[in-house]
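Enquirer: So the protein sequences, as listed, match chains A and B.
Residue numbers for the first sequence follow my numbering, so the first one is 1 and each next one is one higher.
Residue numbers for the second sequence follow my numbering, so the first one is 156 and each next one is one higher.
Bear in mind the hints are in silico, worked out from the structure with no lab data behind them.
Keep in mind that the hints are not guaranteed to be accurate.
[As the list claims (entries may be wrong)] Facing chain B, from chain A, some residues (calculated, C-beta under 7 angstroms): (1) Glu116; (2) Asp120; (3) Lys124; (4) Pro126; (5) Phe127.
Just so you know, even glycine gets a beta-carbon here, dropped at the ideal spot from N, CA and C.
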Amino acid sequence: GHYGRGSTNAHTHTHTMAVFSLYVVNKAGGLIYHRTFVKDVRLFDDNTYLRVASTFHGMHAIARQLSPTKGSSGLSSVQADTFSMHCFQTLTGTKFFVVADLHARDVESLLQNVYEVFVDYALKNPFYEAEMPIRCELFDINLDATIAGYNSKVL
Amino acid sequence: MSAGGSGVPPSILDRPIPRGKSEVSLSAFSFLMSSVIHYFQERVDDVLELEKSLENLGFGIGVRFLELCSFRDRHSKRELKLLSMLQFVSSTLWRTLFGKAADSLEKSVDHDDEYMISEKDSLINRYISVPRDMGTINCAAFMVGIIRGVFVSASFPCEVSAHYVATEGEKLPRTVYLMKFSREVIECDSV
Numbered sequence: 001g002h003y004g005r006g007s008t009n010a011h012t013h014t015h016t017m018a019v020f021s022l023y024v025v026n027k028a029g030g031l032i033y034h035r036t037f038v039k040d041v042r043l044f045d046d047n048t049y050l051r052v053a054s055t056f057h058g059m060h061a062i063a064r065q066l067s068p069t070k071g072s073s074g075l076s077s078v079q080a081d082t083f084s085m086h087c088f089q090t091l092t093g094t095k096f097f098v099v100a101d102l103h104a105r106d107v108e109s110l111l112q113n114v115y116e117v118f119v120d121y122a123l124k125n126p127f128y129e130a131e132m133p134i135r136c137e138l139f140d141i142n143l144d145a146t147i148a149g150y151n152s153k154v155l
Numbered sequence: 156m157s158a159g160g161s162g163v164p165p166s167i168l169d170r171p172i173p174r175g176k177s178e179v180s181l182s183a184f185s186f187l188m189s190s191v192i193h194y195f196q197e198r199v200d201d202v203l204e205l206e207k208s209l210e211n212l213g214f215g216i217g218v219r220f221l222e223l224c225s226f227r228d229r230h231s232k233r234e235l236k237l238l239s240m241l242q243f244v245s246s247t248l249w250r251t252l253f254g255k256a257a258d259s260l261e262k263s264v265d266h267d268d269e270y271m272i273s274e275k276d277s278l279i280n281r282y283i284s285v286p287r288d289m290g291t292i293n294c295a296a297f298m299v300g301i302i303r304g305v306f307v308s309a310s311f312p313c314e315v316s317a318h319y320v321a322t323e324g325e326k327l328p329r330t331v332y333l334m335k336f337s338r339e340v341i342e343c344d345s346v
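Let's have the full structure, built from the sequences with the hints guiding it.
Expert: Below, the structure written as structure tokens:
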């Protein structure tokens with residue numbers, strides 16, 4: 001389906017330069033975390049999120065191979081009509097990507113902060129198994145705080 | 156016995172004991188703690204045994220810590236009063252391990268043989284989120300063991316337990332270590 005098109009209605013658009021949602025994809029392309037941070041965007045069912053994540057994973061890999069420059073690291077951002085997507089891939093192949101407002105700025109440093117929250121509250125959690133879905137309460141709490149901090153700064 | 160000169164770093168066993176005060180990265184400690192917990196998880200059947208394993212590990216550390224502290228502080232004498240020992244644990248032990256004293260030391264109002272040490276942000280648990288199916292496990296059991304090791308080897312036998320206590324105005328619950336001393340300790344102390 002067309003995930004991106006029309007997901008934010010320009011007439012009721014109340015978020016400027018905010019981050020709408022975060023996806024975390026493991027190195028096999030499986031969705032291990034998803035969260036939406038704003039209230040009036042369209043939500044989907046679980047399967048759609050899984051499909052979105054693995055499709056993005058595939059696109060990311062294809063972009064890396066199609067790139068005319070050597071050593072390309074794949075998709076880092078996508079600009080659409082009404083939104084933008086930004087992706088950060090770790091050395092171990094985990095991808096963090098956000099769907100944000102078209103005019104969002106400094107998303108790279110936000111993604112770095114999200115990565116730090118992941119390292120602290122998921123990887124340092126003895127009860128979290130690598131590459132598995134992230135179900136860590138402290139990760140949710142600190143991620144919400146990080147995104148809220150970013151979103152409140154730009155509004 | 157030193158292996159210096161060949162570019163090999165000196166063994167930790169060759170370092171002079173009095174030179175204390177070294178810092179370890181919190182990340183390194185957290186990953187080591189994770190490994191310890193995984194190690195025990197493979198060898199036990201339930202959550203209670205996991206906590207017990209962590210406590211036993213801490214106990215050995217507590218015993219050695221008391222020896223090391225007493226050795227380093229040349230002017231120290233063996234503590235005979237319970238309150239001094241409690242203060243040693245809540246300030247000296249905490250400062251050496253965590254860089255700052257515990258947030259509070261309290262005596263229980265209901266029981267004359269119980270005391271509590273509480274801290275807002277336990278370094279051991281800082282990055283740990285317990286999944287719902289693990290029940291009420293508290294990895295601070297490791298610290299419980301350290302505390303108990305110190306008191307028992309100083310001849311203040313006691314039972315120690317860790318509890319989460321939700322506090323007004325604080326988002327995350329505090330960790331409270333409850334120490335219940337044996338009758339003989341309380342009686343000796345009141346003389």
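Enquirer: The structure should be examined with respect to each hint, and the outcome stated for every one.
Expert: So, going through the hints one by one against the coordinates:
Evaluation of the glutamate 116/A hint against chain B yields a violated restraint, the C-beta minimum of about 11 angstroms exceeding 7 angstroms. Because the beta carbon of aspartate 120/A sits about 5 angstroms from the nearest beta carbon in chain B, less than 7 angstroms, this interface hint is met. Taking 7 angstroms as the C-beta cut-off, the interface hint given for lysine 124/A holds, the closest approach to chain B being about 4 angstroms. Restraint check, proline 126/A versus chain B: the minimum CB separation of about 4 angstroms is within 7 angstroms; hint holds.
Checking phenylalanine 127/A against chain B by beta carbon gives a least distance of about 5 angstroms; that is within 7 angstroms, so the hint holds.
Of the hints listed earlier, the one the structure fails to meet is number 1.
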